[in-house]
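Undergrad: Read in order, the letters of the sequence shown are residues 214 to 510 in this note's numbering.
Because the hints were derived from the structure by calculation, they are not lab data. Worth double-checking, as some hints may not be accurate.
Said to hold, decoys possible - The calculated BS3-like cross-link candidates involving lysine-lysine, where the alpha carbons are at most 25 Å apart (straight line), are:
| no. | residue 1 | residue 2 |
| --- | --- | --- |
| 1 | K500 | K422 |
| 2 | K459 | K422 |
| 3 | K373 | K278 |
| 4 | K459 | K500 |
To be verified - Ranges between beta-carbon positions, derived for each pair:
| no. | residue 1 | residue 2 | range |
| --- | --- | --- | --- |
| 5 | S311 | S235 | 33 to 39 Å |
| 6 | D473 | R366 | 14 to 20 Å |
| 7 | A236 | S420 | 57 to 63 Å |
| 8 | R255 | P276 | 39 to 45 Å |
| 9 | F219 | Q435 | 27 to 33 Å |
| 10 | E441 | R255 | 37 to 43 Å |
Positions of the beta carbon are idealized from the N, C-alpha and C atoms, including for glycine.
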Amino acid sequence: MGVPRFELLEPVTYEEASRLISAHETIPLAGGTAIISMMRQRLFNPSHIVSLHKISGLGGVSPAKSGGLSIGAMATLRSVEIHPAVRSQYPLLSETLSSVANVRVRWSATVGGNLAHGDYRLDPPGALIALGARVRLGSARGERELQLEDFFRGFFETAKEDDEIILGVDLPPTDEEASGHYLKFTSHASADWPCVGVAVYIKENFSGKCESARVVLTAAAQTPLLLEGVDEILSGEAVTEAAAQKVADLTHSQLDSIEDSSGSTWYKREIAPVLVRRALLEAARRKPKARDERRKN
């Protein structure tokens, strides 16, 4: 089925885009992988679409003022996945992005569009939240930013106002003592929607004891779930089988799972702790090269 006719508006600033979105009660077009599909299914039939492609400064990966990395909203998932700085400093993000759909989709889908869609099944938010990312929003009224875990509010609902545009995400400085892993289980093909996904990011000290850890579940609840109480369990401890199981058990009280075509509520609650335990152990096993070299000296 084809796409209904619409008028394409192409502003050159995000402030202008914000005003056009408000005037025509429409939404912005980034990569278009979700919007075009919705329009073909007649789930969304706008008279106008506001393209973000001519707005400068929304693409690419660059050093952030904080010392980390700034990823523009219009950067495609694939371009971020293969970026040298992302691969070397944030391998968890690169690994996660490589698991999204297929290469053709990743060359089209953008970071900003992925987040704005608010789909609980998406992979990138898990890794970004685990890494402590902040999302930047802008409109004709000004700019603001917030922690990414606070951006997702409910089922396909985000904190983005109707006239706001995602400008990008900022990652805090990487830590050479940190390691991570993204693990997901799919009920169908490997490129299909996950039943449950788990992103883990841990920092260990010189002696191999955990200093901090973040565990995020995707596709299991209405929003990405950042597990609470992980640091209390792992702080000062090695990530052993027993410690990983204690963290996995947190899902029983914190996960309000959602049923979909990839798994029932019961099934997601059963498989989530298994994936959490496995992801934690794998992240701990992935000792950063710098950490191992110092231990040898």
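Undergrad: All hints are to be evaluated individually against the structure, with a verdict given for each.
TA: Okay, the hints, checked on the actual structure:
1. At roughly 12 Å between alpha-carbon atoms, K500 and K422 fall within 25 Å of each other, so this suggested pair holds.
2. Between K459 and K422, the direct Cα distance comes to roughly 16 Å. Compliance with the 25 Å bound is thereby established for this hinted pair.
3. For the hint linking K373 to K278, the alpha-carbon distance of about 23 Å falls within 25 Å, and the restraint holds.
4. A C-alpha spacing of about 21 Å is found between K459 and K500, which places the hinted pair at or below 25 Å, so the restraint holds.
5. For S311 paired with S235, a C-beta distance near 37 Å keeps the hint of 33 to 39 Å intact.
6. For the pair D473 and R366, the beta carbons lie near 19 Å from each other, so the given range of 14 to 20 Å is met.
7. For the pair A236 and S420, the beta carbons lie near 60 Å from each other, so the given range of 57 to 63 Å is met.
8. At roughly 44 Å, the beta carbons of R255 and P276 sit within the given window of 39 to 45 Å.
9. Between F219 and Q435, the C-beta spacing of about 30 Å keeps the proposed range 27 to 33 Å intact.
10. The hinted window of 37 to 43 Å between E441 and R255 holds, with their beta carbons roughly 41 Å apart.
Checked against the numbered hints given earlier, the structure satisfies every one of them.
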